[in-house]
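For this one, chain A is given, so just place chain B on it according to the hints.
Protein chains in written order, with my numbering: chain A, -7 to 422; chain B, 5 to 258.
Just so you know, these hints were derived from the structure itself, not from any lab.
Just so you know, these numbers come straight off a predicted model, no measurement behind them.
Watch out, some of these pointers could steer you wrong.
[To be verified] In silico lysine to aspartate or glutamate, EDC-like type, Cα no more than 16 angstroms apart, as pairs:
id, chain 1, residue 1, chain 2, residue 2
1, B, K201, A, E93
2, B, K34, A, E46
3, B, K201, A, E96
4, A, K56, B, D16
5, A, K62, B, E190
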Amino acid sequence: KQQTKPFFLMIVAAVSRNAVATFCRSYSIRQLSSMMTSEGWDGIVSGPLTAFSEDEQMTRDAAKQWAQDKLKPLVRKMDDECKLLPEVIEGLFQHGFMGMEIEEEYGGSGLNFTSACLVIEEISRVDPSVAILADIHNTLTNNAIRFWGSSTQKDRWLPRLAKDTVSSFALSEANSGSDAFAMKTTATPSKDGSYYLLNGSKLWISNAPEAGVFLVFANANPEKAYKGITSFLVDSNSEGITIGKPEKKLGLRASATCPVIFDNVKVDPENILGDIGEGYKYCINILNEGRIGIAAQQIGIAKGCLDIAMPYMMDRTQFGTAIADFQGMQHQYAQLATEIHAAELMTYNACRLKECGLPFIKQASMVKLYSSQVAERAASKTIEWLGGIGFTQDLLAEKFYRDCKVGSIYEGTSNIQLQTIAKLMQKEYR
Amino acid sequence: MKILVGVKRVVDYAVKVRVQNNTVDLKNIKMSLNPFCEIAIEEAVRLKEQKVADEVVAMTIGPKQATETLRTALAMGADRAIHITTDLRTDYMELQPFAVSQIFQKIVEEENSDLVLLGKQGIDSDCGQTGPMLAGLLGWPQVTFAANIETDGKSMTVERETDSGTETIKISQLPAVVTCDLRLNEPRYATLPNIMKAKKKKVDTRAAEDMGIDLAPRNQVLEVYEPPPRKEGIMVENMDELIDKLKNEAGVIA
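Extracted from the complex, chain A is given alone in its bound form:
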């Protein structure tokens, strides 16, 4: 370990010059060096990407155990009924899966981003619908408040978010998905500036029925186009909020995705997250990170598919042979496992880049793009390998097949990821 530290210092010095030039949240070198002495450092730079610290490994094991023992028996029922069971959400809170990065002083566990992604991966391996609730909550809302919240806001919200309050991220609208800045929801200041009135309709909002708080993006100054977008923390029992009926979806059925209508919803200016007109920056920045969490979800899906496929193939015999022993099958699942491994490494590398304060936006886009593709291949191939029974609801493979598709859509479509990557590549060569 002593030998690798100086080596890494050289790498960091070289990269940090580029760090400033790249489009990202800038981290000072001072911040970087203070991170270098933090506890998790040893595991990060000197070991393989699949070697985790004791904290991270224990966190992963805790999630795996809960998901396999307590969550698995409930998955099919929740998918059939298109509803998350209250005991599952309680379980997420009780086990600490909802306040992972929140600091201990606010009732969270003070874990790092990698730990949060490991939990999302392990839960997704059993049920991606449950994982997405935890993912949005941890990587989008909780972190936005941690990064840009005032100390009053943190005191008010973080303990609740760690303990018992689900959150929702209300950005998209019917006419603004990828073109998020074209949003029409407005936040009109009162004459004396003592409150804002939110008016508009959000669409595709996950966790809406369960949420106790919404992180809403609304334009407080439409004349300035996207530079008027402001983020608001809105209590879900505010007057004027209507949660529409959940969409009937192809997959992630247990996760409710609803329209959320704001009709003259009064919001105190103390509930503005960060600065007025800076909301567009916050949503871009938080989604840049959040999509690494989505990648972790997709990897969980891919591994969950193999968890079903491998034992089946080793057990099922045709023509006197286990189908796992047919060379054609071996080539296919070996190829898939290789791609899953690549996606996994990319994901945890992106986590480490973010934790170290190094540029990670291009990598985050790449990993979300690629993992969603790998998950789709895994799910599709798994059904083929399972044969007829893969096509039935006797196994959860068909559920993974339906669940994985949204991976290439939400938190930035694949086309948007490709564009982001391309733009950043051009910057590198300019």
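Coordinates of chain B only, in the frame set by chain A:
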């Protein structure tokens, strides 16, 4: 009441072990908290929550990685921990129950424990000897295979599971050694906040070799081998054939 709980780091129950060079190959194998020890910790923590016990101390004997085992015990609710370090193998190959129970004896005497809870056996060695040996060394009452414990901190009633049914034993005066069986309780999951808080709890470390105890094995392991692979079953045509095979081939009925 002060409770000392032994927790052992063993091969994870789900791992399929392999035998190499006349010993179980432990390289890169997943290790976990022994399930019966987990049950023992759970019982101790419950007694603390019922306000019958006021301190739960977890103890392990093992290499430096055994701190993870202690951390799980602390995350479940133990107050502090003792780590007796040794690089000797604790799966019977090097460190054996007699030495282990002597180490426990020394700590019990130093700690002035009122109750020792142990798992009934380690799932690696399957000995089940540490509890009874420790009780013998201390001159304390012992109950093994506890399936239910009731105590007010002074006396204790234990139901123990035997092959022929449940036996109820009253210990009229603590201290005592009790080993825990499967049906005693269902251990809690360590939550993430507790796992992180466990890092701050006190762990005292000492080397087993420095305790003035002869750690040498008393029994020599002659051979370690995998059980023969399960042979394929056969189909029989009728009851007569079944009886004939059971009698004359398997030799299981007279």
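Status of the hints after comparison with the structure:
Pair hint K201 (chain B) plus E93 (chain A) holds up; C-alpha atoms about 14 angstroms apart against a cutoff of 16 angstroms. Between K34 (chain B) and E46 (chain A) the CA atoms are separated by roughly 13 angstroms; this keeps the pair inside 16 angstroms, and the hint holds. Only pairs whose Cα atoms come within 16 angstroms are accepted, and K201 (chain B) paired with E96 (chain A) is accepted, the gap being roughly 9 angstroms. Distance hint between K56 (chain A) and D16 (chain B) is fulfilled; the C-alpha atoms sit about 14 angstroms from each other, no more than 16 angstroms.
Restraint check: the Cα-Cα separation between K62 (chain A) and E190 (chain B) comes to about 13 angstroms, which is no more than 16 angstroms; the hinted pair holds.
In summary, this structure violates none of the numbered hints.
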